[in-house]
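There are 2 protein chains.
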Amino acid sequence: MDFTPTERDSFYRLVAERRDMRHFTPGAQVAPEVLQRLLTAARQAPSVGMMEPTRFIRITNAALREQLYAHVQAERQRTAETMGERREAFLQLRVEGIREAAELLVAVLAPDDGTVFGRRTLPQEMALASLACAIQNLWLAARVENLGLGWVSFFDPQVVGDLLRVPAGARPMAMLCVGPVPDFYSKPMLEKTGWRQRADRPLCYDNAWPADAP
Amino acid sequence: MDFTPTERDSFYRLVAERRDMRHFTPGAQVAPEVLQRLLTAARQAPSVGMMEPTRFIRITNAALREQLYAHVQAERQRTAETMGERREAFLQLRVEGIREAAELLVAVLAPDDGTVFGRRTLPQEMALASLACAIQNLWLAARVENLGLGWVSFFDPQVVGDLLRVPAGARPMAMLCVGPVPDFYSKPMLEKTGWRQRADRPLCYDNAWPADAP
Numbered sequence: 004m005d006f007t008p009t010e011r012d013s014f015y016r017l018v019a020e021r022r023d024m025r026h027f028t029p030g031a032q033v034a035p036e037v038l039q040r041l042l043t044a045a046r047q048a049p050s051v052g053m054m055e056p057t058r059f060i061r062i063t064n065a066a067l068r069e070q071l072y073a074h075v076q077a078e079r080q081r082t083a084e085t086m087g088e089r090r091e092a093f094l095q096l097r098v099e100g101i102r103e104a105a106e107l108l109v110a111v112l113a114p115d116d117g118t119v120f121g122r123r124t125l126p127q128e129m130a131l132a133s134l135a136c137a138i139q140n141l142w143l144a145a146r147v148e149n150l151g152l153g154w155v156s157f158f159d160p161q162v163v164g165d166l167l168r169v170p171a172g173a174r175p176m177a178m179l180c181v182g183p184v185p186d187f188y189s190k191p192m193l194e195k196t197g198w199r200q201r202a203d204r205p206l207c208y209d210n211a212w213p214a215d216a217p
Numbered sequence: 004m005d006f007t008p009t010e011r012d013s014f015y016r017l018v019a020e021r022r023d024m025r026h027f028t029p030g031a032q033v034a035p036e037v038l039q040r041l042l043t044a045a046r047q048a049p050s051v052g053m054m055e056p057t058r059f060i061r062i063t064n065a066a067l068r069e070q071l072y073a074h075v076q077a078e079r080q081r082t083a084e085t086m087g088e089r090r091e092a093f094l095q096l097r098v099e100g101i102r103e104a105a106e107l108l109v110a111v112l113a114p115d116d117g118t119v120f121g122r123r124t125l126p127q128e129m130a131l132a133s134l135a136c137a138i139q140n141l142w143l144a145a146r147v148e149n150l151g152l153g154w155v156s157f158f159d160p161q162v163v164g165d166l167l168r169v170p171a172g173a174r175p176m177a178m179l180c181v182g183p184v185p186d187f188y189s190k191p192m193l194e195k196t197g198w199r200q201r202a203d204r205p206l207c208y209d210n211a212w213p214a215d216a217p
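Going down the list, the protein sequences come from chains A and B. In terms of my numbering, the first sequence has 31 at position 28, counting the first letter as 1, and numbering is strictly consecutive. In terms of my numbering, the second sequence has 66 at position 63, counting the first letter as 1, and numbering is strictly consecutive.
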């Protein structure tokens with residue numbers, strides 16, 4: 004059945020108003036049926052050769068959440084040390100909402116199952132792309148449920164993998180903070196804080212990459 | 004402004020009915036304003052540290068499209084040779100719609116701009132994940148416009164990069180066939196043809212990867 008122009012416009016508003024959130028309402032919850040709908044949206048994402056390489060580990064243990072928080076803080080400091088004169092500005096930014104978010108889900112790339120279909124030449128890339136598509140589905144689903152989501156990538160996958168006892172070959176790729184938020188940023192937080200602006204350049208070229216394009 | 008339950012249900016229908024399409028209506032077109040909306044949805048996707056690493060190259064040159072088609076056919080044969088006793092079954096499957104689709108967009112990961120924010124530990128992975136999120140936005144946008152999209156990954160990125168004259172460090176990651184379709188598959192094509200079924204396993208674990216989980 005076709006989608007209507009009204010449904011189309013609603014989807015485009017969803018895309019435009021999705022944000023990478025780092026501020027959450029402390030003490031809030033996500034109802035189990037809502038969490039289930041988010042995970043179903045992730046499961047319905049495409050995966051190359053139907054390998055379905057994405058798993059989520061839901062953190063319900065408070066001590067474990069605190070360990071993950073401490074690790075992200077340490078990684079944030081390590082990142083700050085690379086920032087040179089922007090170090091102080093960087094440390095002003097919130098980069099995670101791990102303690103406050105109602106739910107913390109770690110997205111893990113499963114060990115390679117040997118799927119060749121569609122990934123003979125790009126095996127690692129296509130597995131990871133499948134995981135990212137699942138997260139983007141989940142992200143939009145959270146927004147349409149009026150929940151925030153933040154993809155935290157300030158961590159060492161080896162350390163987080165050890166904490167979550169993932170098997171050899173599996174790699175954590177995202178810590179997803181999910182839950183109610185006080186309000187959604189009117190524009191991306193990095194833009195709002197003046198850290199960086201969206202690029203003003205063409206997104207699409209015809210037939211070849213122009214010789215002078217970045 | 005909050006999304007309503009009606010909007011939410013419409014979005015979940017969109018997620019459920021999005022398909023990886025390989026059959027397109029020959030001779031059809033995508034209106035310029037529709038293509039523009041699809042690209043805007045891709046641009047509004049998240050990107051780590053706002054690096055926005057995704058570019059699209061739109062193939063309007065018929066000879067170039069034919070060269071890309073020939074390359075994909077050769078790669079399909081190379082994949083077939085790895086399939087052992089499933090070789091013939093594999094060759095029965097359609098893996099692309101390059102000649103028939105109204106539009107062919109090649110998604111390219113731009114050369115690394117050196118962004119450290121959110122990718123000190125996972126630089127390649129987070130750039131590629133950003134590209135995949137942009138494609139997933141575009142994919143859902145196509146479906147809500149009642150257009151099909153197929154992500155073709157049967158190619159050598161070096162060969163396609165040379166054909167499109169991408170600069171050093173840039174890597175084509177997807178050939179996206181986009182356009183009107185006769186109809187949408189009722190379920191994923193690989194499932195419909197009996198190539199592979201969706202896995203019947205939990206998607207989400209609590210606190211740790213279970214010792215016996217795949």
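Just to be clear, a hint being listed does not mean it is correct.
Copies of the same chain look alike in the list, so a pair counts if it works inside one copy or between any two.
[To be verified] List time: in silico SDA-like cross-link candidates among lysine to any residue, alpha-carbon distance up to 20 Å:
hint	residue 1	residue 2
1	Lys190	Val75
2	Lys190	Ala214
3	Lys190	Met4
4	Lys190	Thr43
5	Lys190	Gln47
6	Lys190	Ala19
7	Lys190	Arg46
8	Lys190	Glu20
9	Lys190	Phe6
10	Lys195	Tyr208
11	Lys190	Gly52
12	Lys195	Asn210
13	Lys195	Val119
14	Lys190	Leu42
15	Lys190	Pro114
16	Lys190	Asn210
I should point out that these hints are in silico values taken from the structure, not numbers from a laboratory.
Structure-based check of each hint:
1. In this homomeric assembly, Lys190 and Val75 never come within 20 Å of each other (Cα to Cα): the closest approach is 24 Å inside a single copy and 40 Å across copies.
2. Taking the closest pair of Cα atoms, Lys190 and Ala214 never come within 20 Å of each other, the shortest separation being 32 Å inside a single copy and 42 Å across copies.
3. Taking the shortest alpha-carbon separations for Lys190 and Met4, only the inter-copy value of 14 Å comes in at or below 20 Å, while the best intra-copy value is 34 Å.
4. Within a single copy, Lys190 and Thr43 get their C-alpha atoms only as close as 28 Å, which misses the 20 Å cut-off; across copies the closest is 15 Å, which meets it.
5. Taking CA atoms no more than 20 Å apart as the test, Lys190 paired with Gln47 passes between copies only; the shortest distance there is 11 Å, against 28 Å inside one copy.
6. For a Cα distance limit of 20 Å, the shortest separation of Lys190 from Ala19 inside one copy, 9 Å, qualifies, whereas the shortest one across copies, 29 Å, does not.
7. Within a single copy, Lys190 and Arg46 get their C-alpha atoms only as close as 28 Å, which misses the 20 Å cut-off; across copies the closest is 14 Å, which meets it.
8. Taking the closest pair of Cα atoms, Lys190 and Glu20 come within 20 Å of each other only inside a single copy of the chain (8 Å); across copies the shortest separation is 30 Å, beyond that limit.
9. In this homomeric assembly, Lys190 and Phe6 come within 20 Å of each other (Cα to Cα) only across copies, at 18 Å, whereas the closest approach inside a single copy is 28 Å.
10. Proximity of Lys195 to Tyr208 under the C-alpha cut-off of 20 Å is found in neither arrangement, the shortest distances being 29 Å within a copy and 36 Å between copies.
11. Taking the shortest alpha-carbon separations for Lys190 and Gly52, only the inter-copy value of 14 Å comes in at or below 20 Å, while the best intra-copy value is 36 Å.
12. Within a single copy, Lys195 and Asn210 get their C-alpha atoms no closer than 35 Å, and across copies no closer than 34 Å, so neither meets the 20 Å cut-off.
13. Taking the shortest Cα distances, Lys195 and Val119 sit within 20 Å of each other only across copies (19 Å), while inside one copy they are farther apart (43 Å).
14. For a Cα distance limit of 20 Å, the shortest separation of Lys190 from Leu42 across copies, 19 Å, qualifies, whereas the shortest one inside one copy, 26 Å, does not.
15. Taking the shortest alpha-carbon separations for Lys190 and Pro114, neither the intra-copy value of 36 Å nor the inter-copy value of 26 Å comes in at or below 20 Å.
16. For the homomeric pair Lys190 and Asn210, neither the shortest alpha-carbon distance inside one copy (32 Å) nor that between copies (33 Å) is at most 20 Å.
In this structure, the earlier hints numbered 1, 2, 10, 12, 15 and 16 are contradicted, and the remaining ones agree with it.
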